[in-house]
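Asker: Produce the complete structure using the sequences and hints provided.
Residue numbers (the working numbering), protein chains in the order written: chain D, 1 to 243; chain B, 1 to 243.
Worth flagging that the hints you see were computed from the coordinates, not collected in a lab. It cannot be assumed that every hint is accurate.
Covered stretches of chain B, going by a simulated chain D footprint (3 or more residues, C-beta under 8 Å) [as the list claims (entries may be wrong)]:
no., stretch
1, 59-72
2, 114-128
3, 216-230
If you're wondering where the values come from, they're calculated on a predicted model, not measured in any experiment. All residues carry an ideal CB built from backbone N, CA and C; glycine is no exception.
There are 2 protein chains.
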Amino acid sequence: MHEVVHAPHAPHTPHIEGHFESTATVRDIVIGLSDGLTVPFALAAGLSGAIASSHIVVLAGLAEIAAGSIAMGLGGYLAARGDAEHYVSERQREEREIVERTHDEEEEVYEIFEQYSVDRASAAPALAALKQNPTAWVDFMMRFELGIEKPASNRAHRSALTIAASYIAGGFIPLLPYMLVTGNLAALKLSVIITLVALAIFGALKGKLVGTGWLRSAAQTTLIGGTAAAAAYALARLLNDAH
Amino acid sequence: MHEVVHAPHAPHTPHIEGHFESTATVRDIVIGLSDGLTVPFALAAGLSGAIASSHIVVLAGLAEIAAGSIAMGLGGYLAARGDAEHYVSERQREEREIVERTHDEEEEVYEIFEQYSVDRASAAPALAALKQNPTAWVDFMMRFELGIEKPASNRAHRSALTIAASYIAGGFIPLLPYMLVTGNLAALKLSVIITLVALAIFGALKGKLVGTGWLRSAAQTTLIGGTAAAAAYALARLLNDAH
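Answerer: In structure tokens:
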């Protein structure tokens, strides 16, 4: 669960902005689905090892889906809105600084180039060109000094809904057997089978999309879901026996 | 739960690399704690509204903590390892390309500058300087063409353990009352109080660290946890009454 999203190679060059837009949605689906497939699955598996009533397993699973999708969607919404506000305030600051502290900002441009062994004399013409176009200069500072990418507009709402919906969709897959099949053990077996298959398919598609190998990605998502479910099952059995 | 981590202003300039290192750990703690405080809390609250036995609430909560911390830690580990491998393979490709397809790479440098209204003549001296130092040129392409930051070494293991440990630490706070207090309703009330306080303190500290206002951040984490718990509680009550 709780797929940790590492900085997705943040600042893309404008000509692949369109590509980034769509991968942002794909990323949200991936985040929601991988957590949704994993945690309710593991929780249901764990509880089914300790509790006879499939009603309680379903209840706990649905409560988890409600809690998880809201926390994840709302968390994503607030994070995206925070990013957007952060971008605007940092941009305003840079806009002020190139006017009010022009010399300092020029030095910062030289420093950026120096990191790449570009001496002052070689950097000077580029700086002169940047100074001709204040908007471009601010763009340059946003990306190369601060490393902040302009967030897509309305990203926050869409991101929140996409993540929450994907979480719910993913979470129902492992729970369905407990709703439809009589007997917790039979439901558990079926849930393990369909969820591991779903995790493998999801992992393979994710691998294809992200560009890592599909087989490796499928193995990873299956491993994560399987390990989490096995641990939850073992723990619940242990605690229940001790009780 | 499942705090969505948006690209943390990825590529920092080398002189603040040390700062970034420590914020990566802080970020992992924040990820683990915010999910750990939120989801087991909401799940336990939800179940306590429908189930009389606090034993089952604790069991479900612990199963969730096991599932969540493993899925999150393992997911984080694999993501970080994937990032590291991605960086190495992309870097090797750039190293080949500046040798084998020098002209194309030169054009790419011009294109990068063009995005900031720096014309070819003004960019030429900087390009000439980059060509003097192939390592710096590759560094430049990694960051400005691909926008990929060099991951800290051993980040994967540390990241996984930090996230999982924070998740477990956070998850125990809402569960403690169910373990110690007799009666689900009394435990629920105590759990709500201490967890909302913990969420507010955590949010305030997070806001201080990240640089958003502490009050706003405290309000947000409390809102997310509270909403998720309320929804899980309402859903579980509803389903149980319908049963």
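Asker: Each of the hints needs a verdict: does it hold here or not?
Answerer: We went through each hint and held it up to the structure:
Counting residues of the stretch 59-72 of chain B whose CB lies closer than 8 Å to any CB of chain D gives 11, which reaches the minimum of 3, so the coverage claim holds. A stretch counts as covered by a chain when three or more of its residues have a beta carbon under 8 Å from one of that chain; for the stretch 114-128 of chain B and chain D the count is 12, and the coverage holds. Coverage of the stretch 216-230 of chain B by chain D holds in this model, with 7 residues showing a Cβ closer than 8 Å to a Cβ of that chain against a need of three.
In this structure, every one of the numbered hints holds.
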